[in-house]
Amino acid sequence: MTDVINTVLIDDENDSIIILEKSLAKYCEGVVVAGSAGSVAAGVKLIDNLRPDLVFLDISMPDGEGFEVLERTEFKDFSVVFITAYNEFAIKAFKTSALHYLLKPINSSDLIEAVNRYRNFKKTDEGFDEKIKVMTDTLNGKQQKIILPTADGFTVVELDNIIHCESFNNYTTFHLKEGKKLMVSKPINNYEDILSDLQFVRIHRSHIINIKYINRYVKGRGGYVIMENGVSIDVSEGKKKDFLQKLSEYARG
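No gaps in the numbering here: position 107 of the sequence shown is 542 in our numbering, and each next residue is one more.
Careful, some of the hints might be misleading.
Computed list of lysine to aspartate or glutamate pairs in DMTMM-like fashion (alpha-carbon distance at most 20 Å, straight line) [to be verified]:
#1 K580 x E593
#2 K480 x E500
#3 K615 x D628
#4 K616 x E601
#5 K580 x E627
#6 K681 x E627
#7 K580 x E613
The calculated label-pair distances, taken between Cβ atoms and stated as ranges, are [what the hints assert, rightly or not]:
#8 R486 x N625: 33 to 43 Å
#9 N596 x E464: 38 to 48 Å
#10 A686 x E456: 48 to 58 Å
#11 R651 x I453: 57 to 67 Å
#12 A460 x N605: 29 to 39 Å
#13 D438 x K612: 41 to 51 Å
#14 N596 x S667: 14 to 24 Å
#15 E506 x S543: 27 to 37 Å
To be clear, the hints were calculated from the coordinates, so they are not data collected in a lab. Beta carbons are placed, not taken as given, at the ideal position from N, Cα and C, and that holds for glycine.
Could you put the whole structure together from the sequences, leaning on the hints where they help?
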């Protein structure tokens, strides 16, 4: 018999709540929607009254951000799946913080995955407060850290500690200061999206570098860079123009 998951839905769009409730009933056995709310204030009250296992929470509502719900509730022992309409900046922030989210309109496979993920862990996300801080800093243009998933949890890495990233199949290795390395099971494309607005640039299909740690650039068809850690990395011909432009922008401050 499937364990019951008491769930609360918080979204200011009533149509979205109705669709999500129907989808949970159809695709996610054992999920019981105990209640719903359409604002931050109502959401806080609902969570404290019902003490749910799982909350589906829209990040944007008329009276504030979804994160405020988490700050204001007295009851804290629940897991969260964030919901967002398509917003490139918000999605980048979710990737940066390694928080779980669903993109509107929510498809059934993503919803099933979210519920199964909860069933597998059945506990408040480890390091949740740190992830929320990274998320909000990114949304506010103050990104200084990235959260990288590892086999046994996650690691918080200062962006300033990353010298370059290297891909191998669907894995990415982060080469850090002091000779440290960290491998994660996500493709480098995922991190190009996250780092592209900062002092990072993709110079090859397999490499993203931190411009701050270039010791030397040697011209050529594409040329190559020598990084502070002594590693030489080719600049692909197709990436050369973007690389030189980013380098020029960085030099101008």
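(request) For the pair supplied as a hint, K681 and E627, confirm whether the alpha-carbon distance does not exceed 20 Å. (result) holds (14 Å)
(message) Taking 41 to 51 Å as the stated bounds, is the beta-carbon spacing between D438 and K612 within them?
(response) holds (45 Å)
(request) Mind checking the hinted window 29 to 39 Å against the Cβ distance between A460 and N605? (result) Given about 34 Å between the Cβ atoms, the range holds.
(message) Need the status of pair K580, E613: alpha-carbon distance at most 20 Å?
(response) Holds, at about 17 Å.
(message) Checking one constraint from the list: CA of K480 to CA of E500, max 20 Å. Satisfied?
(response) Between K480 and E500 the Cα gap is close to 15 Å, so the pair holds against 20 Å.
(request) May I ask you to test the hint 33 to 43 Å on the CB atoms belonging to R486 and N625? (result) holds (35 Å)
(message) Next pair to validate is K616 with E601; report whether the Cα-Cα distance is within 20 Å.
(response) Given pair K616, E601 holds - Cα atoms ~10 Å apart, limit 20 Å.
(message) Given the hinted pair K580 and E593, is their Cα-Cα distance within 20 Å?
(response) holds (4 Å)
(message) Holds or violated: the 14 to 24 Å window for the beta-carbon distance between N596 and S667?
(response) Check passed, 21 Å falls within 14 to 24 Å.
(request) For the pair supplied as a hint, K615 and D628, confirm whether the alpha-carbon distance does not exceed 20 Å. (result) Since the Cα atoms of K615 and D628 sit roughly 23 Å apart, the hinted pair is violated (cutoff 20 Å).
(request) Hint says 48 to 58 Å; check whether the CB-CB distance for A686 and E456 agrees. (result) holds (54 Å)
(request) Note whether the CB distance of R651 and I453 lies within 57 to 67 Å or breaks it. (result) holds (60 Å)
Checked against the numbered hints listed earlier, the structure breaks hint 3 alone; every other hint is satisfied.
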